[in-house]
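Novice: What follows is each chain in one-letter form.
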Amino acid sequence: MTGSPIRLLTLVILGGLLAACTAIAPGSRPTSLPELSIPAPTLPAERNYLGLKDSAGHFSFNDLKSRLTVIEIIMAQCPHCQREAPKMDAFYRLLAERGLQDQVRIFAIALGNTPFETGLYKERYQVPFPIIPDPGGTLLRVDATPTLYIIEPDSGGGSRILHQEAGILSTPEELIEITQKLLRKQKTARRP
Amino acid sequence: MLTGKRSLSLLAACTLLLTLVLPRLAAGLEKELIYQVPHLTPRENRSLLKVGDPAPDFTLPAVAGKPVTLSSFRNRKLVVLSFVPAAFTPVCSAQWPMYNMAEAMFKKYNAMVLGISTDNLPSQYAWIKGMGDLWFPVLSDFWPHGRVCKEYGVLRRNGTAERAIFIIDRQGLIRYIDIHDINERPPLDDLNEALAAISAQPVLIRAKQ
Numbered sequence: 013m014t015g016s017p018i019r020l021l022t023l024v025i026l027g028g029l030l031a032a033c034t035a036i037a038p039g040s041r042p043t044s045l046p047e048l049s050i051p052a053p054t055l056p057a058e059r060n061y062l063g064l065k066d067s068a069g070h071f072s073f074n075d076l077k078s079r080l081t082v083i084e085i086i087m088a089q090c091p092h093c094q095r096e097a098p099k100m101d102a103f104y105r106l107l108a109e110r111g112l113q114d115q116v117r118i119f120a121i122a123l124g125n126t127p128f129e130t131g132l133y134k135e136r137y138q139v140p141f142p143i144i145p146d147p148g149g150t151l152l153r154v155d156a157t158p159t160l161y162i163i164e165p166d167s168g169g170g171s172r173i174l175h176q177e178a179g180i181l182s183t184p185e186e187l188i189e190i191t192q193k194l195l196r197k198q199k200t201a202r203r204p
Numbered sequence: 192m193l194t195g196k197r198s199l200s201l202l203a204a205c206t207l208l209l210t211l212v213l214p215r216l217a218a219g220l221e222k223e224l225i226y227q228v229p230h231l232t233p234r235e236n237r238s239l240l241k242v243g244d245p246a247p248d249f250t251l252p253a254v255a256g257k258p259v260t261l262s263s264f265r266n267r268k269l270v271v272l273s274f275v276p277a278a279f280t281p282v283c284s285a286q287w288p289m290y291n292m293a294e295a296m297f298k299k300y301n302a303m304v305l306g307i308s309t310d311n312l313p314s315q316y317a318w319i320k321g322m323g324d325l326w327f328p329v330l331s332d333f334w335p336h337g338r339v340c341k342e343y344g345v346l347r348r349n350g351t352a353e354r355a356i357f358i359i360d361r362q363g364l365i366r367y368i369d370i371h372d373i374n375e376r377p378p379l380d381d382l383n384e385a386l387a388a389i390s391a392q393p394v395l396i397r398a399k400q
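Chains as they are written, first to last, in the working numbering: chain A, 13 to 204; chain B, 192 to 400.
All the given hints hold, so there is nothing to weed out.
Pairwise CB distance ranges (calculated): (1) A:Pro127 / B:Glu375: 15 to 21 Å; (2) B:Asp380 / A:Ser49: 19 to 25 Å; (3) A:Gly149 / B:Ala391: 27 to 33 Å; (4) B:Lys299 / A:Pro46: 36 to 42 Å.
Straight-line C-alpha distance at most 20 Å; calculated DMTMM-like pairs for lysine to aspartate or glutamate: (5) B:Lys299 / A:Glu135; (6) A:Lys65 / A:Asp75; (7) B:Lys298 / A:Glu135.
Treat the hints as calculated values from the structure; they're not laboratory data.
For clarity, every value in this text was computed on a predicted model and none was experimentally measured.
Each residue gets a CB set at the ideal place from its N, CA and C atoms; glycine is no exception.
So that you can see chain A by itself, here it is in the shape it has in the complex (with noise of 0.2 Å):
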């Protein structure tokens, strides 16, 4: 029974079936985003969390003054990010508790949805943070919905991603203790 030629080859052919799969989802997964041109919040109180200039009709990652950004990618119409959009308002509210809202900041893109169903969403949902608008859905591309990306600036231009998740988002206290590691990291990084 041991050591059966049948019974090795299928071990060999599962164990390699199972990491071409765990291949799948990283090597899909982009590491960087591009400098983008996003337009900015109108809402003043938008614009000044985010920390943009009033004058600004567009902004890239590298405005945002935050440590750490994140972005969750969403569509009004897409019932998983419905489901998940009060995790997002608890991460919100939980980064304020925890006095991390001046390193982190959120805001949203909503890919192919028009101000109007975007506004319907963020009240519909009571979320806290901006969400652009995006009606042409060119702004980034994603797999799925939500996507949550956690970045930081590189030397580039562009952005670093430092997490992503995509679908069933972790919840508030995984993400509060993910942006607190990555946090931690950055700070390490930092000391000469």
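Mind docking chain B on chain A? Use the hints.
Specialist: For chain B alone, kept in the frame of chain A given last:
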């Protein structure tokens, strides 16, 4: 030839493969699990009905159980008839969750949505569960196949419905018709504007002949 034991171990391996690998694929490659529809002829029909016509009445079975009759909303609510082509297809699976999210908009105009497709009830039920339940009724025009769609002039040659929106006012008159490009999701803005316009003018003023 494989012995019984060997086939058994292969079977076990396959089962393990299915339980471990498929969920990973499902999570990562969700798009592949959805039937991808090729680009279709945007519209096959021009509705036989026009704004101002009385809306043909109907009673259709609903996923929730009790059949729904259009005229039961007469003098009470505006009715948005949303015909969609087919369950489990990408654009349709976006249109109704959008209406679900926009419940406040419909409530603001005291409007009810009636979702209609030519799918049978069990398919609609499974589909709606996937969308996370809807606040408005979903009706099945499955049998006699597409009878109501035909009356509204929105039945396509393959038995599916056009992506069409009709707004019926409290008098039971058609006030808005959008036979939309089947490949695209109608923006919510259009519906909002139409509902606002009808609410501002609840009784249709007919142009003098």
